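Here is what each chain is made of, one letter per residue.
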Amino acid sequence: MKNLSLGVPMIHLPDGKDPYIGHEQEFMDTTPHIQIRLISDPTYLCGVREMVASVARRLGFDDMDCSKISLALDEALCNVIRHGYTKAFDQPIWIGITPLEPNAESPGGIMIVIEDEAKKVDPSKIIGRHLEDIKPGGLGVHIIREVMDSVRYEPRETIGMRLTMTKRVVREENPPRLRDHLPGFVRKADAASKRV
Amino acid sequence: MDSAPKGYAMGESDTFLIISEPSTGVVVIAPTADVDMSRSPMLRTAIQQHMKPSTETLVVHLEDVGYMDSSGLATLVEAMRTGKATNTNLVLSAMGPKVLAIFEIARLESFFTIVAGIDEALQP
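Chains A and B, in that order, are what the protein sequence lines are. Per my numbering, the first sequence starts with residue 14, numbered consecutively. Per my numbering, the second sequence starts with residue 75, numbered consecutively.
I should point out that these hints are in silico values taken from the structure, not numbers from a laboratory. This structure is a prediction, so every number in the text was calculated from the model and none was measured. One or more hints might be untrue.
To be verified - Far from chain B, by Cβ distances over 12 angstroms, these chain A residues were calculated:
1. Arg-62
2. Glu-88
3. Tyr-166
Stated by the list, open to error - Here are the simulated lysine to aspartate or glutamate pairs, EDC-like style, with alpha carbons at most 20 angstroms apart:
4. A:Lys-132 x A:Asp-54
5. B:Lys-126 x B:Glu-95
6. A:Lys-138 x A:Glu-170
7. B:Lys-172 x A:Asp-78
8. A:Lys-138 x A:Glu-159
9. A:Lys-133 x A:Glu-170
10. B:Lys-126 x B:Glu-152
11. B:Lys-172 x A:Glu-63
12. B:Lys-158 x B:Glu-130
13. A:Lys-132 x A:Asp-103
14. B:Lys-172 x A:Asp-75
15. B:Lys-172 x A:Asp-76
16. A:Lys-100 x A:Glu-130
17. B:Lys-172 x A:Glu-159
18. B:Lys-172 x B:Asp-138
What the hints assert, rightly or not - If the Cβ cut is set under 8 angstroms, some of the chain B residues that face chain A in the computed set are:
19. Asp-108
20. Ser-144
21. Leu-147
22. Lys-172
23. Ile-179
Built from N, CA and C at the ideal position, the CB exists for glycine as well.
All chains should be built: construct the whole structure from the sequences, respecting the hints.
Okay, structure coming up:
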């Protein structure tokens, strides 16, 4: 197990034998590139959302995916505040953000780890409600699982819960080229072929 | 404020919502910023205050809402249910694509009356 510092508590990544995530070899670095500690006050969710959306944009996600990633993060934090800390607004939450390395299918991605000191919950009990049941609430887990590629809840070793979620950038089939955006731009080869 | 929960930052509560009554029986509630866990209780309170039998149509105008989370969505689902009890039409207007996305993720968009702009929302 690798111990990675994430604020005061430690985050433990699997040593490769644990099949749950299998992403550790994809990290550009084993230490989270961004680490944040905040208190469980909903007022500060806006700042975290904007930060993660900006980072996701730099990692290659389009505008809509950036918004969805920040939505998933927001929902996860709301669940910690609402259910984990039962709306106590002065409790600690740690967020770690790490880029995923490119692979054959994707030019990269993002891994977000959220840790808290709330009560431990059996991960198998963390399920969203059925969407057919139209009623307020209970949508957060469904939204997180719908938006992200992988989602894993687990109890931390000492106290609290850890949520690890990843999402990869979808590689564009035909990415736009420079000349698509420059009126009158002609490749050298195209210009040469027109010369007689 | 003594009644505030411990550690809760205060502010902006008096500027988040613009509420108007353009004609008899029509109420427009327009949030001026993102609707998230810290703000949806204000929207919920405003809707509850105006969702009554004398209100024929209640419009939630979302032009200035760039982001909404599931707490905002839950507020609107509750408003839709209340509206059925009070016989009030709930109309959502000027919803942007990022807000619409959460309705689609929750597969709720077909349960609401969603119109492009405020003019359409105010048509009798």
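Okay, the hints, checked on the actual structure:
For Arg-62 (chain A), the condition that its CB be more than 12 angstroms from all CB atoms of chain B is violated, with the nearest at approximately 7 angstroms. At the 12 angstroms boundary, the C-beta of Glu-88 (chain A) falls inside the reach of chain B, the nearest C-beta of that chain being 6 angstroms off. Chain B leaves Tyr-166 (chain A) outside its interface by the beta-carbon criterion, the shortest separation being 17 angstroms against a cut-off of 12 angstroms. With a C-alpha separation of about 17 angstroms, the suggested pairing of Lys-132 (chain A) with Asp-54 (chain A) holds against the 20 angstroms cut-off.
Distance hint between Lys-126 (chain B) and Glu-95 (chain B) is fulfilled; the C-alpha atoms sit about 14 angstroms from each other, no more than 20 angstroms. Distance check on the hinted pair: Lys-138 (chain A) and Glu-170 (chain A) sit about 18 angstroms apart at the alpha-carbon level, within 20 angstroms; holds. Proximity of Lys-172 (chain B) to Asp-78 (chain A) is assessed by CA-CA distance (about 10 angstroms); at most 20 angstroms being required, the pair is judged to hold. Distance check on the hinted pair: Lys-138 (chain A) and Glu-159 (chain A) sit about 17 angstroms apart at the alpha-carbon level, within 20 angstroms; holds.
For the given pair, Lys-133 (chain A) sits about 10 angstroms from Glu-170 (chain A) by alpha-carbon distance, which is consistent with the 20 angstroms threshold. The straight-line distance between the Cα atoms of Lys-126 (chain B) and Glu-152 (chain B) is roughly 14 angstroms, inside the 20 angstroms bound, and the hint therefore holds. Between the alpha carbons of Lys-172 (chain B) and Glu-63 (chain A) the distance comes to roughly 14 angstroms, so the proposed pair stays at or under 20 angstroms and holds. Taking the CA atoms of Lys-158 (chain B) and Glu-130 (chain B), the gap is about 11 angstroms. The hint holds against a cut of 20 angstroms.
Of the pairs offered as hints, the one joining Lys-132 (chain A) and Asp-103 (chain A) holds, with about 15 angstroms between alpha carbons and a cut-off of 20 angstroms not exceeded. Taking the CA atoms of Lys-172 (chain B) and Asp-75 (chain A), the gap is about 12 angstroms. The hint holds against a cut of 20 angstroms. Between Lys-172 (chain B) and Asp-76 (chain A) the CA atoms are separated by roughly 9 angstroms; this keeps the pair inside 20 angstroms, and the hint holds. Restraint check for Lys-100 (chain A) and Glu-130 (chain A): the C-alpha separation of about 13 angstroms stays at or below 20 angstroms, so the hint holds.
Of the pairs offered as hints, the one joining Lys-172 (chain B) and Glu-159 (chain A) holds, with about 15 angstroms between alpha carbons and a cut-off of 20 angstroms not exceeded. For a cut-off of 20 angstroms, the pair hint linking Lys-172 (chain B) to Asp-138 (chain B) stands: about 12 angstroms separates their Cα positions. Against a cut-off of 8 angstroms between C-beta atoms, the interface hint on Asp-108 (chain B) holds, since the closest Cβ of chain A lies about 6 angstroms away. Against a cut-off of 8 angstroms between C-beta atoms, the interface hint on Ser-144 (chain B) holds, since the closest Cβ of chain A lies about 4 angstroms away.
For Leu-147 (chain B), the interface hint holds, since its Cβ comes within 8 angstroms of a Cβ in chain A; the closest pair sits about 6 angstroms apart. For Lys-172 (chain B), the interface hint holds, the least distance from its beta-carbon to any beta-carbon of chain A being 4 angstroms, beneath 8 angstroms. This hint holds: Ile-179 (chain B) has a C-beta 5 angstroms from the nearest C-beta of chain A, less than the 8 angstroms allowed.
Against the hints set out earlier in the document, violations occur for numbers 1 and 2.
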